[in-house]
Amino acid sequence: MKYISALVILVLILFITSRDSDELWRDGNYVVAWINSDVFLAYGEPEEAFYGLVNSVSAVGFNKDYVVAKNVDSISKEVFFYIIDKAKQKSNQGINFSQKAAVTGPLSTVEFNSLIRELNLPSFTVEF
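Residues in the sequence shown are numbered consecutively from 245, following the working numbering.
Be aware that a few hints might be false.
With beta-carbon atoms standing in for the labels, derived distance ranges [unchecked claim]:
hint, residue 1, residue 2, range
1, E289, S320, 30 to 40 Å
2, L359, K321, 21 to 31 Å
3, K321, G272, 25 to 35 Å
4, I360, A331, 12 to 22 Å
5, I279, S358, 29 to 39 Å
6, N299, T353, 30 to 40 Å
Straight-line Cα separation of at most 27 Å, DSSO-like style, residue types lysine-lysine; simulated pairs [to be verified]:
hint, residue 1, residue 2
7, K334, K308
8, K314, K332
9, K314, K330
10, K344, K321
No wet-lab data here; the hints were simulated from the structure.
The C-beta atom is built at its ideal place from N, Cα and C for all residues, glycine as well.
Please take these sequences and the hints and turn them into a complete structure.
Here it is, written out as structure tokens:
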């Protein structure tokens, strides 16, 4: 019995640690997920394909009009910001070649800060 318990625990540990992707955050059809340690923001229907919008996401925020994402370049460590306009995303009706038409960025900190009030952008509420 002791060996069976140990074997079950070992199998569970292997199963849990062998996962190479997961969903970290969702707002409707927007999802932050990771695959092989890269965290990215994507858009799509849960039962269909997702289209990548922003790679290497470190934080997101959202309101009824926008999703904002923060990205840190893995080499230079420079911080960039992205604004996703939900109305533009819906208006292209999921056509994959135009998914990024709703994305503004990469923006510098100065550029992003100048748009916060103008567009009533949300704060970053989730960090990864």
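Right, here's what the structure says about each hint:
1. E289 x S320: 30 to 40 Å: Once the Cβ atoms are compared, 35 Å apart, the range 30 to 40 Å for S320 and E289 holds.
2. L359 x K321: 21 to 31 Å: 23 Å, holds
3. K321 x G272: 25 to 35 Å: 31 Å, holds
4. I360 x A331: 12 to 22 Å: Given about 18 Å between the Cβ atoms, the range holds.
5. I279 x S358: 29 to 39 Å: Holds: the Cβ-Cβ distance is about 33 Å, inside 29 to 39 Å.
6. N299 x T353: 30 to 40 Å: 19 Å, violated
7. K334 x K308: 13 Å, holds
8. K314 x K332: 20 Å, holds
9. K314 x K330: Given pair K314, K330 holds - Cα atoms ~17 Å apart, limit 27 Å.
10. K344 x K321: Between K344 and K321 the Cα gap is close to 23 Å, so the pair holds against 27 Å.
Hint violations for this structure: number 6 only, all remaining hints satisfied.
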